[in-house]
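Q: Go ahead and model the full structure; you've got the sequences and the hints to work with.
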Amino acid sequence: MPSDLARLGVAEAADRLAAGDCSAVELVEACIAAQEAARDLNAVVVDTAERARAAAVHADQRRQRNEARPLEGIPVAVKDIFCTEGVATTACSRILDGFVPEYESTVSARLWDAGAILVGKTNMDEFAMGSSNETSRCGPVRNPWSPVNGPSLVPGGSSGGSAAVVAASTVPAALGTDTGGSIRQPASFCGVVGLKPTYGRCSRWGIIAFASSLDQAGPLTRSVADAALILEHIAGFDPRDSTSADLAVPDLHTALQADVKGLRVGIPSEYRLDSLPGSISDLWEQGIAWFRDAGAELRDVSLPHTRYALPAYYIVAPAEASANLARYDGVRFGARSMGADPDELYTRTRRDGFGEEVRRRIMIGGYVLSEGYYDAYYLRAQQVRTRIAEDFRQAFQDVDVLLTPTTPSPAFPEGAKTDDPLAMYVNDIFTVPASLAGLPAISVPAGLDEDGLPLGLQLVGRAFDEVTLLQAATILEDAAGTFRPPAAAA
Amino acid sequence: MTGPRTIVGATGDWELAIGLEVHAQVTTQSKLFSGAATAFGAAANAQVSLVDAAMPGMLPVINRAAVDQAVRTGLALGAEINRFSVFDRKNYFYPDLPQGYQISQYRHPIVGAGELRIDMPDGRTRVVGIERLHLEQDAGKLVHDRSATGSHVDLNRAGIPLMEIVSRPDLRDWEEAGAYLRKLRALLRAIGSCDGNMEQGSLRADANVSVRRPGAPLGTRCEIKNLNSVRFLMRAIETEAGRQVALLEAGDTVRQETRLYDPQRNETRAMRSKEDAHDYRYFPDPDLVPLQLSESRIERLRDSLPELPDETRERLIRDYRLTPYDASVLVADPDAPRFFEAAAQDRSGKRVANWIVTNLFGALNEAGRTLAESPVSAPDLGQLVGLIDDGTISDRIARDVFDEMFRTGASPQSIVDARGLRQIQDTDAIDAAIDAALAANPGQLDQYRAGKTKVLGWFVGQVMKATRGQANPGLVNERLRQKLGGDGEA
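Quick mapping for you: the protein sequence lines, in order, are chains A and B.
Heads up: the first sequence begins at 5 in our numbering, then just goes up one per residue.
Heads up: the second sequence begins at 33 in our numbering, then just goes up one per residue.
Heads up, simulated EDC-like pairs for lysine to aspartate or glutamate below, C-alpha to C-alpha not over 20 Å straight-line:
(1) B:K173 to A:D345
(2) B:K215 to B:D342
(3) B:K497 to B:D463
(4) B:K173 to A:D347
(5) B:K122 to A:D347
(6) A:K265 to A:D297
(7) B:K215 to B:E346
(8) B:K515 to B:D463
(9) B:K122 to A:E375
(10) B:K122 to A:D379
(11) B:K215 to B:E163
(12) B:K215 to B:E231
(13) B:K257 to B:E163
(14) B:K382 to B:D427
(15) B:K515 to B:D467
Okay, the calculated bits of chain A under chain B, using three or more residues with CB under 8 Å as the criterion:
(16) 243-256
(17) 340-352
Everything labelled a hint here was simulated from the structure, so no lab data went into it.
Quick reminder that beta carbons are idealized off the backbone N, C-alpha and C, glycines included.
A: As structure tokens, this is what we get:
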């Protein structure tokens, strides 16, 4: 019975709580028990069970007083990149060992203000740099879809822990962040819904920065409607983030009911890679057919600069990261390795504190910004970025959303790509363009490949048009159904 | 001959070319990108926000008041106001720089080319080009004397808004450099964008100094950092130019480098050479959006400007017929024009200005006081000049009266009355004194009669002495001439 409660979605759980069919205490206990049972996934890095239990009691009291808020008593797991007041936050890096923020990120604070309850900080690639969750100093996460007694498959990354807990049904929803695909790619690998909102839709305040011009928080859930519900409560203008958009947040949850006849769906021809596995191109064709059957109009579109997106991304993101991570110097917080002078203190602290992938990206970032190389790399990449945004703008004159695969492959075994950074970076090939253009995008589970592994399809929408994006995602979800890993399906 | 100073070397004359980079603390309540206070003298680290300490996830938000002050300063310098400007990150590691980068403006400053006019004591006027003005944040400071084994960091200054005002290398000697800094300080204080307090570090200058043969292209420059008084600035430039001339005349070359001035030894010392200069890897700060200024905001700021020092100067020359130099000296102190105008009511403006510039400023300087702390009030100084104007006292007596006014704060009228210093206008009394002097000095009288007319002045002195300086010197002269002439007839 308790594990049944953990399997509820956000909206279902909210309805049950409202109807008095279960209490927040029962719901939270069910999630804690499910997380305990799924401990071997290594998806949770900070246990917040005691705090969650106290919050659940409080939530039930509020409900009794008729003061229940929209998400009162709903358990949510949060990626360890969100600063959580009084709860250790390390972005799964050694360099933040012992760091306990005295402040709460805007996005998570909005969830708690709406009544949600923190049940664990989730594993991630160190500083969100990775596509497999293998760069975490807390160790890799096992994808819940890994074959029983078989090799561990990666959950994707960087929000690998958040995708895994949602896929394993230990919580109804989790928060992740997406810089170049870090919500959508693990969502695809784990068979869950992952939504990256428009850049500026959610505040970045209190989120440990990777690449400031790309980072965006968003939900991972088991349904499109739940993603809409969570987004509604985390989005909105924040004067503390100069890049947050001063726009009203639409009533996303109810907008999903609207009729979408005449929806124009674009298929970007540049995404048809020869190297794409048959299972993925077949699924893409299937997605196209589903939209056609639902009454949508399909159109081919061209995004000519697509092939420059990945190189541009791997210049812009490391450049920003190289400066964003300069503050981890051992002087004011986190881990420190002593040295005889400041330079030695920095060198030792950062050598000991950062993992290999983070060091690699800091080096790349420093290189592309250095004198004599800036124009050839950073400036050029920014120009590419402008072209890519223009490509999308052109395409969205003819269509309302774009449909593409989320990833070029299903989940792969642990260690398969750790020796080849470029092979790892190619995971982001379909997700990065929307990130560079700041557009909202969502990965919806659409089917299983021949090995029974989940595959997602990606929808990309116009800036700040999450409503249309989510409506289209609902069509896909309705046609494809939902997927649970065999172990959790029992 | 007048003109800028040159250095006369063993092999001929050398010209100087000097450019100044002035860092002016913007007068604001809070820091450039955080809400922390900016007041001087607070306990260490008492004025540090989470943003200033660069805690993970913290984001900068631009302080509009600081932007307004930069625009007002640009307008006062007659400079181009850039409607679009960008904040960049300047990357380097130092313990007083929590972010690991300084937020500054590199490629697109808020203010472009302008100019500042300086008036030299020899009557020359120079127009010095301003290259640009940009906004940036200050760093914290290291405290080395708290413990024997380590250093402490005080972040109160970290994030304080600075305007960096960069001149063209138009200054030709140290006196022009001193005049430029004084004039700039007067301008900033007049419009209230910087308090100009050099002791508290609100204003400091870096000087780029080079020497060349007259008419030759600019030589290799050295930058002298952090000069915090006009006197040190002038001495450092003179010293550095002398060093460069000595090097060149000995057949050596000047290396481009950063140097520090040691006022104790009056010498400059190498800090770092161009070769080991940092590569700051500037790039646009992705946490901040480009700064856009509307025409209406610029117009509102233009309207907020008070009368500028150059305008005041022109008005003083026109309305009070002051010499350009006296007017320039008066406007260099933001309190002086008001003081002057209060004192000059119905008096000889020229004489009042002369008394302020020569006597009052001299006495204040000697006593180490500012005009605001003057023991002599403007009405009293005016009264003193009034007593000269109407012949009550002579200039000589007035100097004694002024000394007593400065010492005691008493009014000139009361001093003149109490000490009986009123000038003797009575011709009978003067005639008596003249007769006595002539009778007592028959030898000099004979000389005069023999044609040595110079002796007339000597007799005037005798009469003045006999009357303890109170006789009206003009009257004495006139009567003496008559008497000596009359005597000849008898």
